[in-house]
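Protein chains in written order, with this note's numbering: chain A, 4 to 246; chain B, 332 to 664; chain C, 1190 to 1552.
Treat the hints with care, as some may be off.
[Unchecked claim] Calculated Cβ distances over 10 Å to all of chain B for the following chain A residues: (1) 26; (2) 67; (3) 75; (4) 170; (5) 200.
[As the list claims (entries may be wrong)] Computed footprint of chain B on chain A; a stretch qualifies when at least three of its residues, placed anywhere within it, have a C-beta under 8 Å from a C-beta of chain B: (6) 79-85; (7) 90-100.
Hints are computed from structural coordinates only; laboratory data are not their basis.
Using N, Cα and C, we set each Cβ at its ideal position, and we do this for glycine too.
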Amino acid sequence: MSLLELRGVHTHIGAYHILHGVDLSVREGEVTMLLGRNGAGKTTTLRTIMGLWPASAGSVTFQGRTIQGLPTPDIAQAGIGYVPESMGIFGDLTVQENMLLAARSARRADEFDAKRLQWIFGLFPALQKFWLFPAGKLSGGQKQMLAVARAIVEPRALLLIDEPSKGLAPSIIQNLVRALRELKAQRCTVLLVEQNFSVARALGDRVAVMDNGRVVHAGEMAQLAEDEALQQRLLGLSLGAHQ
Amino acid sequence: MNAPARIPKAQFDFKPLALLAGVAALGLPLIGSPSTWVTLTVAGLAMGLIIFIIASGLTLVFGLMDVLNFGHGVFIAAGAFVATSVIAGMGGWAEAPGLWPNLGALFVAMLAAMAVAGALGFAFERLIVRPVYGQHLKQILITMGGMIVGEEIIKMIWGPQQQPLPLPTSLRGSFVFGDVAIEKYRVLAVAIGLLVFAVLLWVLGRTKIGLLIRAGVQDREMVESLGYRIRRLFVGVFVAGSALAGLGGVMWGLNQQIVSPQIGAQVNVLIFIVIIIGGLGSTLGCFVGALLMGLLANYIGFLAPKLALFTNIALMVAILLWRPQGLYPVKTV
Amino acid sequence: MTMLSRLLSHDLPRNRWLAAALLLIVLGLAFAPFLFPGSKALGVAAKMLVFIVLVASYDLLLGYTGIVSFAHTMFFGLGAYGVAIASNRMGEGWAAVATGTAAALALSLLLSLVIGLFSLRVKAIFFAMITLAVASAFQTLASQLSELTGGEDGLSFRNPAWLSPSFEPFEQPFLGVALDGKLLCYYLLFVAAVLLFLLLLRIVNSPFGRVLQAIRENDFRAEALGYRTVVYRTLSNVLSALFATLAGVLLALWLRYTGPDTTLSFEIMLDILLIVVIGGMGTMYGAVLGSVLFVLAQNYLQDLLKLTSGAFDGVPLLGTVLSPDRWLLWLGVLFVLSVYHFPAGIVGRLRVLRSGAARREGP
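Between the sequences and the hints, there should be enough to build the whole structure, so can you do that?
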């Protein structure tokens, strides 16, 4: 039961050929890690799935439906939540307004699903504390939490998360990992791009490693975690001299 | 969910508003006579608010979709000319001595102007702007071209000469309080301007559409990633902006009591300066900037008429030196 | 052939029709006084020469560097006013012309430098708006300083003796044309226009010109390759302004009058835009072709349309739409279509047709 399937996906940005035939399979209810060094094409893959950059060849199917070529809003409405690397926080809007936007079915602040909101506040207490604060004034870690909270304020079939731990202090990362673990316990399907291998190992069920616009290894996370030599070979790629 | 009351919301940036008040206050000693000051201030506020009405649509359109319509002036002209026809056609109501028929004629003229300008905006967006999304150079050129074509069409329908746009009878003249004379029309203009401002603030701050617009101004891609078809919203904003420009055209024309086909090109420069001063995409900035422009134009027009024509440029340079992104920057350019 | 190629800086027309048209234009303008008698015709030819330089200098900025500026008429006006004011103040003569030209060039240099350095760092849209505001301010300045500039009425002045119509060294007309100062003035314009145009061709085909084009295509890339784009853009701005100033000088010499409406009006700025886009951005020859066609249309199309509109007088809408006063409408429509469909204008279209044909006939 492959929830998301990429077959032979190529992406061009202007004259640059970034993805050279990506094959990727994300199984329902699992957390799939997307690893690889900078420039391998991980972010491009996520953006291509979201339709922000159109695939020039290949197919992207979600829940059996072809989604490549659809406009981004349609892809989002199909049930995919996206947390970009830049977090995409609307700085001028309050935390509440950010969350309200993400809750498509709520027209006003009092139409939030109270139970779900309480659960989110349990995961990220800071959001409750700064509920009426302009989001731009939050710290980096708090913004990241808001970005993730936005993606889960309503249930989504698939979450695409791009490097959530980047630049965050270790304690915040712990917080994030805990939150993602709870999501995982709820059988939420996640495709997570992560440079931090310890985070990846803690969360991932499956792993796909990218290099030069292709997926060069796909398999169980547990298997990769135990195989030092494989790690060396692949991580030699992901922690290479090019940064 | 309880939001702890002790956590402060954003500190509101009062400085530009203080500047506005400061300019008004400074005018008093410089001008000397309080009665003249009142007249000039009301005139300045009226002019500023009319400019705000016209520019508000333009700044939102730019903020939201990165489209700068150099042809925005054509909606101003269209609105003004439609009003000339309506007022002429409703001569009975406009010339009647009572207030209500006069206001009725005015109201109909404004509605007609907004409808025509809005429709023109719809066509403009589809034919001229949509084909060149994202290509700034072509946008500048093609919207200019659109304005040329629009102006020629106006000349075709109404002729190339200036047309009179007389005020309805009961709106002519001034209220007199002792020494102070305040033109009746200007009071109405201020009222309408503040109403438009209030409505805009309400829509932007209290409705979900307003939320989408504000978010879209900051990060269009993210709004789409959250599942909103923001392009459709954009057409709506463009049409609303054109309709507002049409309304502003009527009011501008009534202020001068005469309308010429070049009115669009003339006001163009003013509104561009205003939205640069205010910060591209910021409604509040546009408001304050327009009022500053209106007040300064009237004060300096009285104090040093020779310098009056340079106040706009000088204001722009001064504001940009203080805040290069405008009074209330919204977009990270 | 190679000599001609070197003269044109190796930037050949590359199309039979274009080359034929250009040749026709050059010959027509060179022998205009003899081919088209009458002062109106000569005036039209002179205006063509001035516009060729004016629009070509704008093409350097818009077509080759990709910058939209609405301040071009300001530099045009500076040149014209320079000569006019100097001739008025210093008394007419070559000294006045030289002083006026030098002063105008210096002021243009300064202004374009300031505008360039301050505004070229910002987005194109900001820059366009700022130039619009600056040009508008300059226009009001010119009409306000009436003691200096003659205000709304402008300044009339006399040319140096040799260029005056009253200068008649030969009593006998040559081939039906009086050999007087006016003729000399025309040929001064002709030679100057040719030289300035060839100089512009040389500039856009030099390494400097190629960097400009690279910046126009992708300024990030150019910057990454090590070119300081602000410097190049500013230089382009300055050069464009200087050539426009010289065009202004030529206009003033011809008209012996300068006023806000001959040089500074926004209509002229729009005309320049129309010509450069319809003629062909980034081609230089587009400026030549476009200016000639535009000035011809401006002066003679009305008469032509009068004929046709007469035929449609009974028909309500068609009559007004085809009326001679509405030629700007059609030009505007053509402009909008050009921006979207034919960014390289008439010249670009001609060249594409040619290469398309060549491909079809290929081996």
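Flag every earlier hint the structure violates by its number, smallest first. 3
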